[in-house]
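Same order as they appear, the protein sequences are chains A and B.
Per the numbering used here, the first sequence starts with residue 1, numbered consecutively.
Per the numbering used here, the second sequence starts with residue 1, numbered consecutively.
Don't take every hint at face value.
Pairs count within a copy or across copies, as identical chains cannot be separated in the list.
Unchecked claim - Subject to a maximum C-alpha distance of 27 Å in a straight line, what follows is the list of computed BS3-like cross-link-like pairs (lysine-lysine): (1) 259 with 286; (2) 401 with 131; (3) 401 with 191; (4) 168 with 393; (5) 131 with 259; (6) 99 with 266; (7) 401 with 168.
None of these hints come from the bench; they were simulated from the model.
There are 2 protein chains.
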Amino acid sequence: MSLREGAFGNATNLVCRECGTEVPLGPDYACPECFGPLEVAYAFPAITREEIEAGPANIWRYKALLPVPDDIEQSPNTEPGYTRLLEANNLAKALGLSKVWVKDDSTNPTNSFKDRVVACALSAARELDAKVFACPSTGNLANAVAAAGARAGIRTVVFIPSNLEQPKQVNSAIFTDSLIAVDGNYDDVNKLAQEIAAEEEGWAFVNVNVRPFYAEGSKTLGYEIAEQLGWRLPDQIVIPVASGSQLTKVDKAFQELIKLGLVEEKPYRIFGAQATGCNPVSTAFKAGVDAIRPVKPDTIAKSLAIGNPADGIYVLDIARRTAGAVEEVTDDEIRDGIVLLARTEGIFTETAGGTTVAVTKKLAEAGVLDPSLETVVINTGHGLKTLDAVSDKVGPRATIKASYAAFEAANIS
Amino acid sequence: MSLREGAFGNATNLVCRECGTEVPLGPDYACPECFGPLEVAYAFPAITREEIEAGPANIWRYKALLPVPDDIEQSPNTEPGYTRLLEANNLAKALGLSKVWVKDDSTNPTNSFKDRVVACALSAARELDAKVFACPSTGNLANAVAAAGARAGIRTVVFIPSNLEQPKQVNSAIFTDSLIAVDGNYDDVNKLAQEIAAEEEGWAFVNVNVRPFYAEGSKTLGYEIAEQLGWRLPDQIVIPVASGSQLTKVDKAFQELIKLGLVEEKPYRIFGAQATGCNPVSTAFKAGVDAIRPVKPDTIAKSLAIGNPADGIYVLDIARRTAGAVEEVTDDEIRDGIVLLARTEGIFTETAGGTTVAVTKKLAEAGVLDPSLETVVINTGHGLKTLDAVSDKVGPRATIKASYAAFEAANIS
Numbered sequence: 001m002s003l004r005e006g007a008f009g010n011a012t013n014l015v016c017r018e019c020g021t022e023v024p025l026g027p028d029y030a031c032p033e034c035f036g037p038l039e040v041a042y043a044f045p046a047i048t049r050e051e052i053e054a055g056p057a058n059i060w061r062y063k064a065l066l067p068v069p070d071d072i073e074q075s076p077n078t079e080p081g082y083t084r085l086l087e088a089n090n091l092a093k094a095l096g097l098s099k100v101w102v103k104d105d106s107t108n109p110t111n112s113f114k115d116r117v118v119a120c121a122l123s124a125a126r127e128l129d130a131k132v133f134a135c136p137s138t139g140n141l142a143n144a145v146a147a148a149g150a151r152a153g154i155r156t157v158v159f160i161p162s163n164l165e166q167p168k169q170v171n172s173a174i175f176t177d178s179l180i181a182v183d184g185n186y187d188d189v190n191k192l193a194q195e196i197a198a199e200e201e202g203w204a205f206v207n208v209n210v211r212p213f214y215a216e217g218s219k220t221l222g223y224e225i226a227e228q229l230g231w232r233l234p235d236q237i238v239i240p241v242a243s244g245s246q247l248t249k250v251d252k253a254f255q256e257l258i259k260l261g262l263v264e265e266k267p268y269r270i271f272g273a274q275a276t277g278c279n280p281v282s283t284a285f286k287a288g289v290d291a292i293r294p295v296k297p298d299t300i301a302k303s304l305a306i307g308n309p310a311d312g313i314y315v316l317d318i319a320r321r322t323a324g325a326v327e328e329v330t331d332d333e334i335r336d337g338i339v340l341l342a343r344t345e346g347i348f349t350e351t352a353g354g355t356t357v358a359v360t361k362k363l364a365e366a367g368v369l370d371p372s373l374e375t376v377v378i379n380t381g382h383g384l385k386t387l388d389a390v391s392d393k394v395g396p397r398a399t400i401k402a403s404y405a406a407f408e409a410a411n412i413s
Numbered sequence: 001m002s003l004r005e006g007a008f009g010n011a012t013n014l015v016c017r018e019c020g021t022e023v024p025l026g027p028d029y030a031c032p033e034c035f036g037p038l039e040v041a042y043a044f045p046a047i048t049r050e051e052i053e054a055g056p057a058n059i060w061r062y063k064a065l066l067p068v069p070d071d072i073e074q075s076p077n078t079e080p081g082y083t084r085l086l087e088a089n090n091l092a093k094a095l096g097l098s099k100v101w102v103k104d105d106s107t108n109p110t111n112s113f114k115d116r117v118v119a120c121a122l123s124a125a126r127e128l129d130a131k132v133f134a135c136p137s138t139g140n141l142a143n144a145v146a147a148a149g150a151r152a153g154i155r156t157v158v159f160i161p162s163n164l165e166q167p168k169q170v171n172s173a174i175f176t177d178s179l180i181a182v183d184g185n186y187d188d189v190n191k192l193a194q195e196i197a198a199e200e201e202g203w204a205f206v207n208v209n210v211r212p213f214y215a216e217g218s219k220t221l222g223y224e225i226a227e228q229l230g231w232r233l234p235d236q237i238v239i240p241v242a243s244g245s246q247l248t249k250v251d252k253a254f255q256e257l258i259k260l261g262l263v264e265e266k267p268y269r270i271f272g273a274q275a276t277g278c279n280p281v282s283t284a285f286k287a288g289v290d291a292i293r294p295v296k297p298d299t300i301a302k303s304l305a306i307g308n309p310a311d312g313i314y315v316l317d318i319a320r321r322t323a324g325a326v327e328e329v330t331d332d333e334i335r336d337g338i339v340l341l342a343r344t345e346g347i348f349t350e351t352a353g354g355t356t357v358a359v360t361k362k363l364a365e366a367g368v369l370d371p372s373l374e375t376v377v378i379n380t381g382h383g384l385k386t387l388d389a390v391s392d393k394v395g396p397r398a399t400i401k402a403s404y405a406a407f408e409a410a411n412i413s
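Could you put the whole structure together from the sequences, leaning on the hints where they help?
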């Protein structure tokens, strides 16, 4: 297969994160030498803040730093990103921190950060001339793939566990006529996806065979935070850990911005957030070991329920290198985190965001986060997708008759 | 009560839309002379495209054109707006139109255009020193008020019919400890809100006593569309009609942009979209009469179910003045509209958006919309809020065992 000139922008090749072997750009994700994960390498040109600021209010303002062609805006896509970075003074006060920002990815096109990574995977699928755009997923990723594929006019096939709740099925099936229910759990679905990717020609599974391109999309969270802070890096940042990819890509983004001279170099601390019901990275961090021992997930934070996280070891490296940490919270703490963020800042987050807020609270209370430094908290998705988690926790304060007398008697004013 | 200097920006007074009586800026909504609706009047300074473009990626880039103070960004708010305007070529093809754009307000902070109007009402509540920020609502408005109030640190009280589905209650109760369920239908709740607004000191009901300020927020939809088209007005635009306020404010925005020299004057046609189950404006338009006869709503498009729309007569004026129309569609057509938009453009809209898409289709098929002209369709809210409307329409294509053999046998590739 031949690639068109500039198909992957300033990307030059794939490189193995373990042994450094270089591989040409293509639908590969494992090193042919050592089976380590491949990631995208670049030769960046000089780029200025002004050039970026003149771009669109979505992730393509950073297109020069992504593995996408220079004409990416001309190809139909969901135009995700450039979401709100909210100064969260109420939350800061509640947590006893001097300054907190919330990066709110719940306002992306399909209401999670997955729209960012899927947009990059879609570009790769297009440039690689894929016939089918696919994924295994239990939620956010399924929504993002099905929506992006519909808009791009590429056929989508989305695999889900057949016992997935019906509302979650609807939220993907609305976009695609090929939602496929698979008898089994997520691991079974994922394994099937890998088999299909290996056997079938022209299938781009976003999180399997085009994963190196897909994963680069998470860098835009880091770029946006830095730009929205006025082109500087935050002091402390708390990021949820599922596969661990997002956390490693935010770190990669910060390092790239420093190298490109777009921000000043300064120390920053990266913290990972997990649920106690799926805590392999937190466990390894606390034990001071380098190896991740897989777990069987059992938590309401389904979008974080990856028992054997591919990038877990890199998360450990980064948390240690930056004087950060990886912490975990219980399902009850996650529910409390969702309500806390809603009541203080008017943001309704999913269970993954509740995890991040609750971990931030735990780290603040333990004095691990420095209260005099500013902290950025990433909200990765929308509470409407995990409504059940809090439906027993909140409700009407009173039920009254429809009269002013009843209103007065209820002492609401 | 005294207002601080510049509390309402370049707004000068309220003016009656019927008799032109002028009233000072304050918590008033009905003309003291004729009981006609009051709206905000301004003395705009000269303003350039560049000044607007240098503003933030939210509605405050247009703050000079809104009844808000110049330091509005410093007051905590949800920072809504500047949502995607997507070039919708797949939808255009499906409708037989040459060019269609979708203005997608489902990605606002609480996933509907209501965040725009509530942000303006919040500013008014603040400047008027209100103690309580309140509304009667069955859905989108309740979410927006509860979230904005939480973030602003002002007490919110949100009134809903007590028979509202529990998921919708959760989506507001997550933000406020004062969700009040009222035994009765929406009209009963609304009437109670008017009584409370009249009796209690310091209550700002966004859609009652600060309604003139609130309603101005919808102008930002018009500003954004023009700016995102490259500072020009669209040829044709289709807008859902509930109270009719949004449609009239988009027209007001276009007229202001012309007067300010920010766009060239040109003809544009405005079309209103209603559900057959709540069609008072469509009925009057088709009958060629000026009076709106109230109806008892019965449609799945709950957010459009206003049987006696306050701005209905102005909608008629605008549709006739601009060579537009007001059209209606059945609940089945609305459901089909939701699926059509999702499958063509990857946008999951609520029933109101389904109405707008279905009306666009009907007008295109009837040759009322000129296929050679470009058409903008406004999507006002998110399908996750009205999931039930389509949950019987879409689902998995197949259920298979977790094996490659089962995948092959299912003939999916």
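Going down the list of hints, with the structure as the test:
In this assembly of identical chains, residue 259 and residue 286 lie within 27 Å of each other by CA distance neither inside one copy nor across copies; the values are 31 Å within and 64 Å between. Taking CA atoms no more than 27 Å apart as the test, residue 401 paired with residue 131 passes between copies only; the shortest distance there is 23 Å, against 59 Å inside one copy. In the homo-oligomer, the alpha carbons of residue 401 and residue 191 lie at most 27 Å apart only across protomers (12 Å), although the nearest pairing inside one protomer, at 56 Å, exceeds that limit. Taking identical chains as interchangeable, the C-alpha atoms of residue 168 and residue 393 lie at most 27 Å apart whether they share a chain (21 Å) or sit on different chains (14 Å).
In this homomeric assembly, residue 131 and residue 259 never come within 27 Å of each other (Cα to Cα): the closest approach is 37 Å inside a single copy and 50 Å across copies. For a Cα distance limit of 27 Å, the shortest separation of residue 99 from residue 266 inside one copy, 18 Å, qualifies, whereas the shortest one across copies, 48 Å, does not. Taking identical chains as interchangeable, the C-alpha atoms of residue 401 and residue 168 lie at most 27 Å apart only when they sit on different chains, with a minimum of 20 Å there against 36 Å within one chain.
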